[in-house]
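Asks: Chains as they are written, first to last, in numbering that gives the first Met the number 0: chain V, 0 to 312; chain Z, 0 to 184.
A hint or two may mislead.
Quick partial rundown of chain V residues pointing at chain Z, CB under 7 angstroms, derived from the structure [said to hold, decoys possible]:
#1 E70
#2 E80
#3 G86
Interface residues of chain V toward chain Z, partial, derived using beta-carbon atoms under 10 angstroms [said to hold, decoys possible]:
#4 R72
#5 N76
#6 A82
#7 A84
#8 R224
Quick caveat, the hints were computed from the structure, so don't treat them as lab data. We put the beta carbon where it would ideally sit given N, CA and C, even for glycine.
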Amino acid sequence: MGCFILFFFAIGTAVDYLYLDAFTPAGPAFPVATVLALGFAASTTLTAYYRGADMILASLGAEKLNLQIPEHRELQNVVTEMALASGSPMPRIFVSFDPAPNALATGTNEKNAAICVTAGLLTLLNREETQGVIAHEMSHIRNDDILLMTLVSVLLGGIVLLSDWGRRGFYGSQSGRRMGRKSPLLFLPLLLLIALSPLIAQLLAMAVSRQREYLADATAAQYTRNPGGLARALERIRDGAMPFSKASRGTAHLFIMDPLRRRLDERSGALADLLATHPPIERRIALLYRMAGIAQPIEDRSTVQGSNVQRVQ
Amino acid sequence: MIFVLWAIIFVVGIWIISTYNGLVALRLRVQNAWRQIEVQLKRRYDLIPNLVETVKGYMQYEQDTLQKVIDARSQAMTSKGIKETAEAQTALTQSLGKVFALMENYPELKASKNVLDLQEELTTTENQLAFARQYYNDLVTQYNTKQQVFPSNTLASVFKFQPSEFFSVPEAETALPKVNLSLTR
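Using the sequences provided together with the hints, build the complete structure.
Replies: And the structure:
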């Protein structure tokens, strides 16, 4: 959080210095851009904290449950069960009417947490598998992942916006006469900052998210005492995956499985380890099966596929 | 020298307060978890007459089994204490499982929306009961462990904390065949 505000301070000061000639007699008496950037940072942070969950839910088109629909009633029952198993209060439940199977948890603490699943997930999974997914989301709530992830989501949006703004200002004034008067060395850090900041922020979100996904899988197994349910759910989600149109780069790390369906998530290796928002799905499934006592060699796709056959029978 | 003595007394005092408060907090959480179980039990008692009433018309030849469920329910309702309740609940779970297994033989029963709704209600109640019990037992383990390990056991015995009882599952239930109550999709 502090880093976030400091970062905005640096950008604001740099913009002041380079474009507006502040801190010199000729420029404005007041560092306008610094104050603006700081104000923007503060308001984004506050908004992220108080309204972040609702903003994320609204961006996904999440709607309240309709208890007339049997599937929704079943979902509510499953969430109640998992709230009991984890010993936390009942979260708010939302459904997003989208065919892509996915789920996420958001909120700032366990009292105002919310779980959102897609309609696709409800039709694709049976009760046991839904239970595994909900247990995974409850684990995010209980392990205090949701606050960080929600904040990162909203702040990431802010940073991307600001860096776009800075970049445009920079290229736009390339031909301007102001540039000539300052040493080009001064531009380098600003340029780097602007170019790399979204990447750095995203790397941070991803690193946090990937470790927490493993932990949430393990905690889910502890709640349901049934790691096989979540493993089968992940298999079905993997096989039935399609891009979730309403998810964006800012919200991707919140989901149980990468909604943007980037190739990286299916690979393993150093680069994928660095850039993917989610750990390799095969590895997660294999680890869950191992917990269930059905040993599976990790990174071997053929045997994991073999278990699909078992499931169908 | 005096200073060191005071420092030791201070540290020990802090330890006593925090350990005592930790034990009390755990005891309250155990009690709260037990109340959660009671809520589920109450819900189960309320649902069973509904189930029996609904399936009675269809299951002409299974009156014995249904009667057993009703008996088990009334016995469970009068049971007192954690151990007795746990035993009565096990009997009830078994007789209910038998009814669910028998329901598979009546296709017209599975086609009725009423029955399906009721079945989902009972499934979730059974699950909630199981999860509430699991959470309760986890807490009891934590609480009892804290009372028995050194050094917090000294405090526990001075302030007379009692170990809590597990809501245990007797051998009979673990030997039961698994009945999957969910509807395949």
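Asks: Hint validation: V/G86 versus chain Z, beta carbon distance must be below 7 angstroms. Holds or violated?
Replies: Interface hint status for V/G86: holds (5 angstroms vs cutoff 7 angstroms).
Asks: Can you verify the interface hint for V/R72: is its Cβ closer than 10 angstroms to any Cβ in chain Z?
Replies: holds (7 angstroms)
Asks: At a threshold of 7 angstroms, is the proposed contact between V/E70 and chain Z supported by beta-carbon distances?
Replies: It is violated, given that the least Cβ distance between V/E70 and chain Z is near 9 angstroms, above 7 angstroms.
Asks: Does V/N76 meet its interface restraint, that is, does its C-beta lie within less than 10 angstroms of any C-beta in chain Z?
Replies: Given a least distance of 4 angstroms, the restraint on V/N76 holds.
Asks: Are V/R224 and chain Z close enough, Cβ to Cβ, to be under 10 angstroms, as the hint says?
Replies: Constraint on V/R224 satisfied, holds at 7 angstroms.
Asks: Have a go at the V/A82 hint: is there a Cβ in chain Z nearer than 10 angstroms to its own Cβ?
Replies: Result: holds, 9 angstroms to nearest chain Z Cβ.
Asks: Taking the least C-beta to C-beta distance, is V/A84 closer than 10 angstroms to chain Z?
Replies: holds (4 angstroms)
Asks: Does V/E80 hold up as a contact with chain Z if the rule is Cβ-Cβ below 7 angstroms?
Replies: At 5 angstroms from the nearest chain Z Cβ, V/E80 passes the 7 angstroms test, so the hint holds.
The structure shown violates just one earlier hint, number 1.
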